[in-house]
Amino acid sequence: MFKEAAYPEAAVPLAALVTDTQDEVQLEAIAAELNIFLTEPVVTRKRVALVVEVRHAVLAESAFSIGPLAIGALPVPLEVLTALRAGARDENPRVAVESLYAFGVLAVEPGGRARQDLLRASGPAIAALTGASDRALRYAAVRVMGRVFATRAADEPLEQTVGDAVVTALNDNERVVNGAAIEALGAMRYERGVQALTDLFEYYGKSNAAVAALDALARIAHPASAPIFAAELAGKNAARRGRAIEGLARVGDASRLPDIQTAISAERDDGVALAGAFASTLLDGAPIDRLVEALTKQKLRGQAKEYLIELAPGRVAVFSKHLQDPDARIRLDVVDAIGLAGDPAGLRFIEPLLQDREPEVVRAAERAVARLRRN
Numbered sequence: 084m085f086k087e088a089a090y091p092e093a094a095v096p097l098a099a100l101v102t103d104t105q106d107e108v109q110l111e112a113i114a115a116e117l118n119i120f121l122t123e124p125v126v127t128r129k130r131v132a133l134v135v136e137v138r139h140a141v142l143a144e145s146a147f148s149i150g151p152l153a154i155g156a157l158p159v160p161l162e163v164l165t166a167l168r169a170g171a172r173d174e175n176p177r178v179a180v181e182s183l184y185a186f187g188v189l190a191v192e193p194g195g196r197a198r199q200d201l202l203r204a205s206g207p208a209i210a211a212l213t214g215a216s217d218r219a220l221r222y223a224a225v226r227v228m229g230r231v232f233a234t235r236a237a238d239e240p241l242e243q244t245v246g247d248a249v250v251t252a253l254n255d256n257e258r259v260v261n262g263a264a265i266e267a268l269g270a271m272r273y274e275r276g277v278q279a280l281t282d283l284f285e286y287y288g289k290s291n292a293a294v295a296a297l298d299a300l301a302r303i304a305h306p307a308s309a310p311i312f313a314a315e316l317a318g319k320n321a322a323r324r325g326r327a328i329e330g331l332a333r334v335g336d337a338s339r340l341p342d343i344q345t346a347i348s349a350e351r352d353d354g355v356a357l358a359g360a361f362a363s364t365l366l367d368g369a370p371i372d373r374l375v376e377a378l379t380k381q382k383l384r385g386q387a388k389e390y391l392i393e394l395a396p397g398r399v400a401v402f403s404k405h406l407q408d409p410d411a412r413i414r415l416d417v418v419d420a421i422g423l424a425g426d427p428a429g430l431r432f433i434e435p436l437l438q439d440r441e442p443e444v445v446r447a448a449e450r451a452v453a454r455l456r457r458n
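In the working numbering, the protein residues as written are 84 to 458.
Among the hints, erroneous ones may be present.
[What the hints assert, rightly or not] Label-pair ranges, simulated between beta-carbon atoms: (1) Pro306 x Glu87: 16 to 26 Å; (2) Pro370 x Val445: 38 to 48 Å; (3) Asp352 x Pro310: 15 to 25 Å; (4) Pro409 x Ala197: 34 to 44 Å; (5) Tyr286 x Pro240: 27 to 37 Å; (6) Pro96 x Pro310: 51 to 61 Å.
It should be emphasised that the hints constitute simulated quantities derived from the structure, not laboratory data.
Quick reminder that beta carbons are idealized off the backbone N, C-alpha and C, glycines included.
Modelling step: build the complete structure from the supplied sequences, incorporating the hints.
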């Protein structure tokens with residue numbers, strides 16, 4: 084009943100049932116906790132022909148795959164996160180995986196000191212699960228670590244044993260776990276993983292796995308990787324060219340900008356050209372207009388949004404005119420980008436949109452304001 088009602092006041096009392104002795108009770112409690120905080124709560128029961136009830140499970144992995152915007156503006160109590168972390172150690176693999184993914188969905192909410200305390204408490208516990216015997220649990224643990232420990236500006240340095248657990252997962256005997264580990268290292272920007280990722284990039288050659296390793300290296304952006312990025316600028320593979328441009332931009336060496344501009348001067352791939360615009364903003368302070376315009380193009384929207392999230396900290400003032408764009412899609416995505424960027428300076432620009440004429444923009448503004456106030 085509480086799951087269907089998504090009743091916020093039930094969150095803390097329900098936390099005790101996440102570690103109940105009965106698996107079915109645990110699964111219902113996990114689903115109820117998740118449903119309370121989702122942006123769009125799942126309707127778990129409906130009547131067909133006014134007689135037969137049909138149940139729809141709330142699966143935590145589906146919510147996790149949506150990304151950080153899966154949850155709304157409500158603060159997640161520490162008791163809930165602690166219970167879900169404990170549930171991830173359950174003897175029943177299904178309960179453990181559901182609880183772990185639910186933790187991954189909700190643990191991105193805390194900011195400031197609460198986030199730092201959560202990361203310190205959670206790191207060893209989640210890292211230990213990367214060595215679980217159950218493949219699904221190992222895969223979930225690596226993905227959750229990549230999400231929860233994804234680098235934010237105010238974060239303390241990543242604890243070495245936590246990052247090293249993900250490096251070790253690069254050698255897992257399951258390919259999906261390997262891939263998740265590559266992505267997680269990039270999200271965490273874990274510099275101790277650079278050599279292992281470089282070895283993988285060289286080993287995989289021209290395969291998609293090599294692109295994934297290059298993407299992780301480009302996110303970490305260690306100066307030692309700059310020669311790899313420079314060599315890829317003139318390559319034939321568009322995905323690799325784009326990652327190389329991003330990597331050089333994040334390394335922060337403005338002297339590389341002419342090489343980037345030369346590389347994209349005759350570029351036909353829109354994604355690579357957009358990476359060039361990102362580099363121009365990051366290295367030379369170019370306007371973000373081209374990135375914002377790309378939000379209206381379905382193929383480029385996700386890429387553009389990631390760039391804007393990365394660029395927003397310390398630059399939120401340049402986003403202000405785009406928050407007044409007549410296109411609600413642009414206002415919505417820019418609000419989300421500023422909210423996810425985590426710079427509290429964005430509050431004064433976002434708060435006026437709490438009165439926006441579009442309900443979706445208002446909901447996004449509520450979510451962003453709540454997030455920024457907690458940082």
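Item to check | Violating hint indices (sorted, rising) | outcome: Result: hints 1 and 2 break, sorted rising.
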